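Asker: Now for the letters of each chain:
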Amino acid sequence: MNWLDIFFPLVTGLLAGGLGAMLGLGGGVVVVPTMELLGGQFLSSPHTLQQIIAASQLGVLSVAVASSAGYLAKGGFVRFQTAYALAPLTVFGGIIGSLLLLVLEPKLIATIFAVLLCYTAFELIRGLNKADTERPEPSKLAKPALVFGGIMSGLLGIGGGTIQVPVLNLLVGLPFRAAVATSTFMMGFTAIANASIQIASGKLEPELAGAIALGILIGARISSGWATRVPVRTLKLMFSALVLYSAFDLFKKYWL
Amino acid sequence: MRENRGSAFTLEQQLARVFGLGLSAALLFLAVGIFLRLVLWLGIGVLMLVPLSGAVLVWQDKGVTKDTRVNIALAFFGVAVAVLIGLLLRR
Numbered sequence: 041m042n043w044l045d046i047f048f049p050l051v052t053g054l055l056a057g058g059l060g061a062m063l064g065l066g067g068g069v070v071v072v073p074t075m076e077l078l079g080g081q082f083l084s085s086p087h088t089l090q091q092i093i094a095a096s097q098l099g100v101l102s103v104a105v106a107s108s109a110g111y112l113a114k115g116g117f118v119r120f121q122t123a124y125a126l127a128p129l130t131v132f133g134g135i136i137g138s139l140l141l142l143v144l145e146p147k148l149i150a151t152i153f154a155v156l157l158c159y160t161a162f163e164l165i166r167g168l169n170k171a172d173t174e175r176p177e178p179s180k181l182a183k184p185a186l187v188f189g190g191i192m193s194g195l196l197g198i199g200g201g202t203i204q205v206p207v208l209n210l211l212v213g214l215p216f217r218a219a220v221a222t223s224t225f226m227m228g229f230t231a232i233a234n235a236s237i238q239i240a241s242g243k244l245e246p247e248l249a250g251a252i253a254l255g256i257l258i259g260a261r262i263s264s265g266w267a268t269r270v271p272v273r274t275l276k277l278m279f280s281a282l283v284l285y286s287a288f289d290l291f292k293k294y295w296l
Numbered sequence: 010m011r012e013n014r015g016s017a018f019t020l021e022q023q024l025a026r027v028f029g030l031g032l033s034a035a036l037l038f039l040a041v042g043i044f045l046r047l048v049l050w051l052g053i054g055v056l057m058l059v060p061l062s063g064a065v066l067v068w069q070d071k072g073v074t075k076d077t078r079v080n081i082a083l084a085f086f087g088v089a090v091a092v093l094i095g096l097l098l099r100r
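Chain order of the listed sequences is A and B.
Heads up, my numbering is the position in the first sequence plus 40, with the first residue counted as 1.
Heads up, my numbering is the position in the second sequence plus 9, with the first residue counted as 1.
Since the hints were made in silico from the structure, they are not lab data.
Given the structure is predicted, the values throughout are model-derived calculations rather than measurements.
Hints should not be assumed to be uniformly reliable.
Label pairs and their calculated CB-CB ranges [stated by the list, open to error]:
(1) L30/B x F291/A: 37 to 45 Å
(2) K183/A x S62/B: 25 to 33 Å
(3) R78/B x K183/A: 17 to 25 Å
(4) E163/A x F86/B: 27 to 35 Å
(5) A34/B x C158/A: 37 to 45 Å
(6) I262/A x F18/B: 42 to 50 Å
(7) A40/B x L140/A: 30 to 38 Å
(8) F291/A x G72/B: 45 to 53 Å
(9) T74/B x K292/A: 45 to 53 Å
(10) P184/A x L45/B: 39 to 47 Å
(11) P184/A x T74/B: 36 to 44 Å
Note that beta-carbon positions come from the ideal geometry of N, C-alpha and C, so glycine has one too.
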């Protein structure tokens, strides 16, 4: 085994964990494209997309644990009742997503996902100047949107934060920071379900997953301390930029 | 924040301790696991146990509503279903 086989996934994990904890994402939007596009150049034997997605699920779990630890230590950010009320939806969505991965045309799924990401960025940018107040009643669209987020997480190896954070913020009505913290907390359960499918089915490459998870744990732990100091407007802008980048990446991969 | 039965710590503080300890243990096991595969699996196992332990803590809390307990049970059921599906896919 080449030293880059450990070092490259570790650095990818550091980057994914840092961004993930700060923006309430699982880091899969960084891990999957980076490992897939650059893995061939740096690793002695490149991994298949399925192996990368399986390892990414464990990375998502790492982000969830590391950034939740940071938010819980600060106190007041994670809304437990909301998180547990909605977690079963993302867990079952994740299971459906993992099964759909076997039957659906990836190009179709990726296209729907990219369109949804663009819409998410548009909504967040549109709401930049709105006051960050709590919504009295959650929208009826919140639950189906979270199931959809879970499906995408199972299908694409992402944490689902790209969907969960805007849903918790715009449809459930949590303030943005609380939405980010609650999303990372919820992600833990979804990632356990998705990772369990990958582990039990024997598709997880432990060395790859372990190196990514280790990098993510370190990166997420460092950046969750910074997240509460960054202004909400900046967080929203960074999140929108990342969401648009992910959409572009998906379009490029499946259409160009 | 709600007080937990018989404890000086709030639920959030207890969860913070569980997640913090789990994080440290997982970091240690994963770092050693780069050289030892068995320890690597231990690290992966610890990572998976942390959110589950957190859910058990919340379940036991006095201030938690019945609805939340039902939702936690549903999430656990979902994880069990996921393991079962994974095992079926292996065959």
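Asker: Please go over all the hints and tell whether each is borne out by the structure.
Answerer: Hint by hint, here is what the structure shows:
1. At about 43 Å, the beta-carbon gap between L30/B and F291/A stays in the expected band of 37 to 45 Å.
2. Separation of K183/A from S62/B is about 27 Å and conforms to the stated range, judged on CB atoms against 25 to 33 Å.
3. Between R78/B and K183/A the beta carbons are some 19 Å apart, a value that agrees with the proposed interval 17 to 25 Å.
4. Hint check: E163/A to F86/B, Cβ distance near 33 Å, so the stated range 27 to 35 Å holds.
5. For A34/B paired with C158/A, a C-beta distance near 40 Å keeps the hint of 37 to 45 Å intact.
6. At roughly 26 Å, the beta-carbon separation of I262/A and F18/B lies outside the given 42 to 50 Å, and the hint is violated.
7. Range check, A40/B to L140/A: about 35 Å between beta-carbon atoms, so the 30 to 38 Å window is met.
8. The supplied range of 45 to 53 Å is met by F291/A and G72/B, whose beta-carbon atoms lie about 47 Å from each other.
9. At about 46 Å, the beta-carbon gap between T74/B and K292/A stays in the expected band of 45 to 53 Å.
10. Take P184/A and L45/B: their Cβ atoms lie about 45 Å apart, and the range 39 to 47 Å holds.
11. Take P184/A and T74/B: their Cβ atoms lie about 23 Å apart, and the range 36 to 44 Å is violated.
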